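Enquirer: For this one, chain A is given, so just place chain B on it according to the hints.
2 protein chains.
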Amino acid sequence: MKKINVGIIGFGTVGSGVVKILEGRSSLLSRRSGVSINIKYVCDADLKSKRPVKAKNAILTKDAYKIINDPEIDIVIELMGGIHPAKEFIIAAMKKGKHIVTANKALLAQEGKQIFKVAEECGVDIYFEASAVAGVPIIKALREGFAGDKIEVILGIVNGTCNFILTKMTKDGASFEAALKDAQLKGYAESNPALDINGVDSAHKLVLLTLLSFGRFVKLSDISVEGITDISANDIDYAKDFGYVIKLLAIAKLSGGKLEVRVAPTLLPKDHLLANVWDVYNAVLVRADMAGGVLFNGKGAGSFAAASAVVSDIVDVARNVNSGAVRRLPEYYKNQSDAVLRKISEIESRYYIRFSVIDKPGVLAKISWVLGKHSISIASVVQKERKLAKVVPVVIMTHEAKENELCSALKEIDKLNVIKAKTVAIRVEK
Amino acid sequence: MKKINVGIIGFGTVGSGVVKILEGRSSLLSRRSGVSINIKYVCDADLKSKRPVKAKNAILTKDAYKIINDPEIDIVIELMGGIHPAKEFIIAAMKKGKHIVTANKALLAQEGKQIFKVAEECGVDIYFEASAVAGVPIIKALREGFAGDKIEVILGIVNGTCNFILTKMTKDGASFEAALKDAQLKGYAESNPALDINGVDSAHKLVLLTLLSFGRFVKLSDISVEGITDISANDIDYAKDFGYVIKLLAIAKLSGGKLEVRVAPTLLPKDHLLANVWDVYNAVLVRADMAGGVLFNGKGAGSFAAASAVVSDIVDVARNVNSGAVRRLPEYYKNQSDAVLRKISEIESRYYIRFSVIDKPGVLAKISWVLGKHSISIASVVQKERKLAKVVPVVIMTHEAKENELCSALKEIDKLNVIKAKTVAIRVEK
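Those protein sequence lines, which keep their order, are chains A and B. First residue of the first sequence: 16, per my numbering; consecutive thereafter. First residue of the second sequence: 16, per my numbering; consecutive thereafter.
Bound-form chain A, shown alone (with noise of 0.2 Å):
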C-alpha cells in the first residue's frame, strides 16, 4: 500500500483534532483512501503548550520549510490561519509540488485567485472543505454534486457566532451585549469578535460559495456586507409579530444576468428552511435549476468538525494522488460566468422599516406619502400604544420596492422634524 506523507502547519485546536483523526483511525483511513496516511511532521510556533493528543511519530518543529523542502511530502495541510505568512508557506508549497489542504477562508477570499492561478501553474491539488460550514460538505457538493445544474441562489447561515447571538436574542429575550457576552463565555466568540459580527466572515465563506457556484471569484470588495451590532431587541420582536424571524444572511444570486452578492441581517418567515437554525449551527439553501432547492445544516465550526472536514480533503487528495488523478477537476476560477455584479443600489427586496416618531397625529400620513412619491408599497404596519415614551417606534412592511427609491425615500423621511432617530430598514426574503 502506498504511503502518503503529509506534514500539518498549525497545531492548535484544529490541528489537534486532525492529528487525533489521523492518528487514531489509520486503519479505518487505509480502507477507505486506499493508501497509508503518515503525518511526517507538525509545525508550530509553540510547541511547549500542552494538547489533548500527541504527534506520536511525528517530527514536531518551529520551521515551516522543513516541511515544504522535504521531497517526502505530499500534502501541506494549512491550519495557522491568517494571511501571511500562511499565503508563503502555502504558495512555496505548491511551489515545490506539494497539494494543499486549507482551513484558510480569509486566506483564499482575498488572495484565493492567484492561489488557485499557481496551484494550476504546478499541476497540485488544494481543497479546503474546512472554509465554510465545516461540519458539512457543502464545499464537495457544489464543487461535484450539481455539476448538471445552474444554480440560481445561494442563502447561507455561515457565522456560527452571530447565529448564537441571534438566537439568544430571539428565544430569550437577550439584549446584544448579553448574548455576545454569553457567547464569548462558551468559547463561541472571539475576544475580539468584530470579523464575526460585523459579517466579514461571512462574506469570506461567500467568496468561496459564490465562486463554487457560479465560477465567478468575487472581491471581498464588491461585497456589501452589514453586520449584526445594529440589530435591536425591538426588531427582532416586531419582526416576531409580523411571523418573521432575524438571521444574518450570505446572499448570492443569479437573476437576469447579473449576479448580487451581499451579507446581511435579513428577515425570513418563520417557515423557511433557514429560520430554524438555531444556536451555533450553521446552514445554506442551495437553490439549484435542474435538482431544486437543497438545504444543508450542520455544525460550522469546532475542532472535530473542523477536522472531520479536513481529513475527508486529505483523503480526497490521497485518492487523486493514488490513481495517479491529480487536478482530476477543472479549476474553480477559470470557470468564470459573464454575470456583471449587481450594484446594491440596483436590487430589488420586501423590506421591514422601523421609524422612531414622536407621538402625535399626521405622523404616519407623512411618512406614508413619503414613501409613495418613490413607488414604496406599504404591505402591513404596526404601531403599538406606548403611554409614557414620546418617541414611539411604527414599523411597517413594504412590498417589493426598489433599493435605491427606499434610501432616497428614507434619506427624506429621516430628516422630518417628527423622525426622532435613524430610521433601520432590513430586507425581508422569501
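Please note: incorrect hints may appear among the correct ones.
Same chains, same names: a pair is fine if it fits in one copy or spans any two.
As the list claims (entries may be wrong) - Result set (SDA-like, lysine to any residue): computed pairs, CA atoms no more than 20 Å apart in a straight line: (1) 186 / 284; (2) 165 / 45; (3) 132 / 206; (4) 186 / 286; (5) 255 / 190; (6) 268 / 73.
Hints in this document: simulated from the structure, not taken from any laboratory. Everything numeric in this text was worked out from a predicted model, so none of it was measured.
Expert: Frame of chain A; chain B shown alone:
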C-alpha cells in the same frame, strides 16, 4: 478535448431529463468535466411515444446490446428500472469494460453485492447518486464527505409519496385513503402504490445508505419494514397533542457493536430537524462522531431532480476516465464492518401506544399493571372523554422500554376483555 460516449438505456421521465441536460448544456458540462460528453445511443422498447426532448444526434434503438457491444461507448446509463433485464444489461456492459451510472435502487438493494463485485473484477466504475434522495448529493456525501468519521446514526425520510400522504393527513386532517388518492392525482404515487406505502421503497434506499455509512451490505430480508397503511388520523392527532409528528423513517444505527436497520412510522418531537420536512420533500439526518449532526434536505424524485443526480454521476465518471482514475474510490461492499445485526426484538425505544378500550372503571389499572409487569414505565397518558362511544382510545407514551417486553405486554393486554381492537404501538425517536 477528449470525447466520452454514453449510451442511455431507458428513455422515460428521467431519461428525457438526462438527454435535455446533456444536449442543452454541452459546453457548460465540458468546462466542468474537462471532456466532451456525447450521447451516442438512446435505447427504449418504445420509440414511438412523444417525449419532451429529442435526442438529436443519438442513434435510437430498441436493442440495448447495440450499446453494450459498441467499443466506442465509455459509460452506460441504466434508467429503465426493474430487476430484469436491467441486471443482465449492466453486468454485460461492465464485462465489456463500460462504466455504469444507474438510478436503480431496487436492483442495487437486491443484487448490489454481485453487481459491485463484477464492477471490481472488470475494473469499472458504478455510480448511483439518483438511487436515493435524487435532488441531494447524499450518496457522494456519505461515500466521500465523512472519510474521517464514524457514522453513528442515519435517519431518513426517503419516500416522497409517504411523506406527501402523511403531510396531507397531518396538515389537512385528510384520511389515509383521501391523501393517497390526492398523491395519485398529482402524479406523486404510482397507480399501484404498494412499494411506496408498504415501506419497501424506503428499505431499498436504506440498504444503499447503510452500505455507504456503515460499510455493510444488509439484505432486504434483514430489515424490519413497516409501512404507513395502518396509521390513522387519530394517531396523528394524538401525536400532535403530545407535541409530536409521525413520519415514515428509514433508520440505521450503530451502537454497542450492533447495527440496527429498519423502516417504520415514527413519532418525532415537533422541533426535530426531520419533523419539518413536508410534502414530497426528502431528508436524511446523519450523525457522525466528528462532524456532528448533518441534515440534507431536498427533492426525492421528479424528472429533473433525478436527472441532475444522474448527470453529476456522468460528469464524475467522465473525470475519472479523463484523468485515468477509474476505480479511484475503494469498493463499498468490501469495506465491511464486523457489526452484528441487532434483531428488532432486541431494540429499545420509547413508545406511543393507543389502546381501544371499553369506557369503564379499572381499565387503566389493568393495562398499567401488565405494562409494569414487563418493566414498561408510563411517561404520560391521555384519555379523552367521548360520551357517545362505548369504545374509547387510551393513549400512553412510555419511557425507554424493550421491544420484546412491549410485544409480550401488548399480546397479554390485547387478550383482556376490556380491549376492543388491536392495540397500535409506534416508536418514538429523539
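Enquirer: Hints first: check each against the structure and report whether it holds.
Expert: Structure-based check of each hint:
With identical chains, the CA atoms of residue 186 and residue 284 are at most 20 Å apart both within one copy (16 Å) and between copies (18 Å). In this assembly of identical chains, residue 165 and residue 45 lie within 20 Å of each other by CA distance solely across copies; the values are 14 Å between and 36 Å within a copy. For the identical chains of this complex, residue 132 and residue 206 are neighbours neither inside a copy (35 Å) nor across copies (55 Å), given an alpha-carbon limit of 20 Å. For a Cα distance limit of 20 Å, the shortest separation of residue 186 from residue 286 qualifies both inside one copy, at 16 Å, and across copies, at 14 Å.
For a Cα distance limit of 20 Å, the shortest separation of residue 255 from residue 190 inside one copy, 16 Å, qualifies, whereas the shortest one across copies, 33 Å, does not. Neither within a single protomer nor between protomers do residue 268 and residue 73 lie at most 20 Å apart by alpha-carbon distance, with minima of 45 Å and 35 Å respectively.
Of the numbered hints given earlier, the model fails hints 3 and 6; all others are met.
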